[in-house]
Amino acid sequence: MKTPSPRAHIYRLAFILLVGGATFVFVRGAMVPDTWNQKRAFREAALPEIAAKPMKYGGVASCAECHEDEDEIHELAYEDLAEGPHSGIACETCHGPLSEHVKDGKKFADATTNFSRLACLTCHSNLISTPPQFPMFITEDDVLTPRREAELLKAKLDAGKSKIFIHPSDAHNKVDCTECHFSFHNPETS
Amino acid sequence: MNLTTPDAPPGLDRRDFLQKVAAGSVATTVLLVYRPYTSAEEEEESDLLEIVKEASGQKQKPDYAYVIDVNLCIGAGKCVEACNKENDVPAGLFRTWVERYVRTGDGIYVDSPNGSVNGFIEAKDDLVDNSREAWFAPKLCNHCRTAPCIQVCPVGATFQTDEGFVLVDDKHCIGCAACVQGCPYGSRFMNPDTNVADKCTWCYHRVTKGQQPACVEACPTKARLFGDLNDPESDVTKIFKANQWMVLKPEMHTDSYCFYVGMPKETI
Chain A
1 MKTPSPRAHI
11 YRLAFILLVG
21 GATFVFVRGA
31 MVPDTWNQKR
41 AFREAALPEI
51 AAKPMKYGGV
61 ASCAECHEDE
71 DEIHELAYED
81 LAEGPHSGIA
91 CETCHGPLSE
101 HVKDGKKFAD
111 ATTNFSRLAC
121 LTCHSNLIST
131 PPQFPMFITE
141 DDVLTPRREA
151 ELLKAKLDAG
161 KSKIFIHPSD
171 AHNKVDCTEC
181 HFSFHNPETS
Chain B
1 MNLTTPDAPP
11 GLDRRDFLQK
21 VAAGSVATTV
31 LLVYRPYTSA
41 EEEEESDLLE
51 IVKEASGQKQ
61 KPDYAYVIDV
71 NLCIGAGKCV
81 EACNKENDVP
91 AGLFRTWVER
101 YVRTGDGIYV
111 DSPNGSVNGF
121 IEAKDDLVDN
131 SREAWFAPKL
141 CNHCRTAPCI
151 QVCPVGATFQ
161 TDEGFVLVDD
171 KHCIGCAACV
181 QGCPYGSRFM
191 NPDTNVADKC
201 TWCYHRVTKG
211 QQPACVEACP
221 TKARLFGDLN
231 DPESDVTKIF
241 KANQWMVLKP
251 EMHTDSYCFY
261 VGMPKETI
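Protein chains in written order, with my numbering: chain A, 1 to 190; chain B, 1 to 268.
It is worth saying that the hints were derived from the structure and are not from the lab.
The C-beta atom is built at its ideal place from N, Cα and C for all residues, glycine as well.
Treat the hints loosely; a few may be bogus.
[To be verified] If you anchor each label on the Cβ, the simulated ranges turn out as follows:
(1) E163(B) with G88(A): 19 to 29 Å
(2) L153(A) with P113(B): 25 to 35 Å
(3) I174(B) with I16(A): 27 to 37 Å
(4) F240(B) with A82(A): 24 to 34 Å
(5) V30(B) with L13(A): 29 to 39 Å
Bound-form chain B, shown alone (with noise of 0.2 Å):
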């Protein structure tokens, strides 16, 4: 008996293209679904790949962060002036900054005088007799590893090194402060001396000549570190073994790269 239509064309039969039909759609949802590697195993791949170029004697590039315990800093305003000097800051903006913070029954007093470059005097008498826990938090530019300064400005003048230096190009820069405004952490001003943006460089200049920032090289009771994470033996990675740490706004996602140890969570 002749299965086919008169309208088919010669050579396929209903049959034959039913079963021809069922193995494409086999065949497409199984090529879709199935990778010769999961991205988990290429990430794998990648990592042993690190491990063997470690192996072979090829140095890993540093991977920098800041420490910052709160319980070390005294507020003597070095780092500031440090910064300042070594920087050629501005009067009034700065780059680096301590704030004092009291908590008092009715809420919390911050205030940074001057940026603290000359340390600080004691608080008013009614903060003093009303305070239950009083602190310093010196703050700087965070260093993000997803910035969004660098993602809004729309020139490309801010960018950050492999080593994880947040830098501004300030010849590129045309000082639109589209990043002054989308810094969570308000590290960033407009320079009036050369009208682009100007920020803390964890001091690129003196890093990359063996030499640490100099808020780091200023600060009397090493409340604030500078090192390499991938090196076993800095201090910032030994701190990390020891001490809880916590980082700015983590709510915000930046990723950042300065790290406070012992610093109540009031701070932001």
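So here's chain A without its partners, still in its complex pose (with noise of 0.2 Å):
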């Protein structure tokens, strides 16, 4: 019987290592996004994909490639959102995303128009976690507690002017706001 090479164990380990070794770098190799980033671990090709995403809102810029000077409707909008006091509120906040109405450059659905209470009364209902400062709908008989009124009273001084609408409390609980606030768009004008 042949004697094996005195040195048989460190070739034995020494192939163990380099075929182990081989194996970690290609699995390695092949785990590792191609776009990897060392220095900052993430891989590359992840941001354009991010941005790639579609918008689905608009921007006010994108309501008006449409509805400048083309109905009444929207020529009245805009006359009131001039100076109102809603001039600085972008239409797809109420009116809902541009991807809800257009498609493609076609409009294929309307978009939301609320006329319900609701519509103002989000922004508008008097919370006492509203800021005392900001208009509210207030009836003569809301019962307010102490401290609210005092806040209330001392915005009211500070605005220099009564933004805060008290409303007479009979008629107004069951109507709707634009029964007399005709333009949601400035509806102090009316």
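With the hints in hand, could you dock these two chains into one complex?
This is how it looks when you write it as structure tokens:
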């Protein structure tokens, strides 16, 4: 029988290390993404992927693309919005996102138009946590806590004019706001 | 007289040896202490480089920040609605939400009914009667500069861009939810549709196209502002000149980039 080489155990070990190392390098190479940023540990290709997501809200400019000088409703709206208290609000805040109204540059559904009291009261209801300087719908027979009343009074004095609309108690609780305030866009005009 | 001992190597006497040791220790000490540039000088130099770069017309990268003015938030929930629609957030989960804080004599009551997506109705009567202060606190991902979620992600699926966006790479995420636990602000959640971590991106897909994030766009009172701190004309830069601000949980040292103006310090 041939005597094995006295260094056989070393050769075996070297062989195992070599094969193991090669397997590790191969597997790791296959698992690390192509655009891996070694320094900051992220996949660079993810950035354009996230940025490519389609937008749903188009911004005020996207509304004006079609609605400027097209129909009288929006002519009026633009006039009211130019100086009214709602002038800073984007169209889509109340009318919903562009993607629910326009597809591939064409209208496919009506934009949201909500004439109910809730459309106004979502913002203008009198909650204790609403900032006191914000215009709020309060009826005369609403019971305010003394703290709230003082807070509202102070805000009123600070603003120099009444921003708190106290409504007569009788008629108003069951009437839509738009019965009297004809324009949503500038309710102060009517 | 010969001072060398019989054992010493030839040509090295005791005096020589001691002199060399002394010189060697002085030289070593000096080399260890002395630096051609101190780090402060280096920093100054890099600042100068930035200024030179700017002057020569190379545009600085934007440094985005988010500002929330609590004095203006009315809790209408338009931001939450816009965010949910813009980002297809599954029902019942929120990338941004609005909390109502009511401080009473007995403690602080916090709620956020359905993330406030439909706004708020008045708090319970006893809370209203006992309230000493009440306010709305909009919440979202703080896009921290030293974000715990990035630290704990085992696969590098969440990262920060040079402009400050903390993003999730949903193709690389393994869905272990370590980041959901790691976030001190509760801004992350597991998306049941994709089974990976999900969070506010500051609408990266909008900002890269020159638009504002959907929540900022939809806010009716401009309580939410987003902009570039390197631009002296942006809304966020201006508000820092005029107002006191704070961040949520400063004790976590996350270096948050969502700044709150006029917020009572009880808010967590």
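We went through each hint and held it up to the structure:
A hinted range of 19 to 29 Å holds for the C-beta pair E163(B) and G88(A), which are about 26 Å apart. Distance hint check for L153(A) and P113(B): the Cβ-Cβ separation is about 29 Å, which falls inside the suggested range of 25 to 35 Å. Evaluation of the 27 to 37 Å hint for I174(B) and I16(A) yields a pass: the beta carbon distance comes to about 30 Å. For the hinted restraint 24 to 34 Å between F240(B) and A82(A), the CB-CB distance of approximately 30 Å keeps it satisfied.
Take V30(B) and L13(A): their Cβ atoms lie about 48 Å apart, and the range 29 to 39 Å is violated.
Violated hint for the displayed structure: number 5, the only one.
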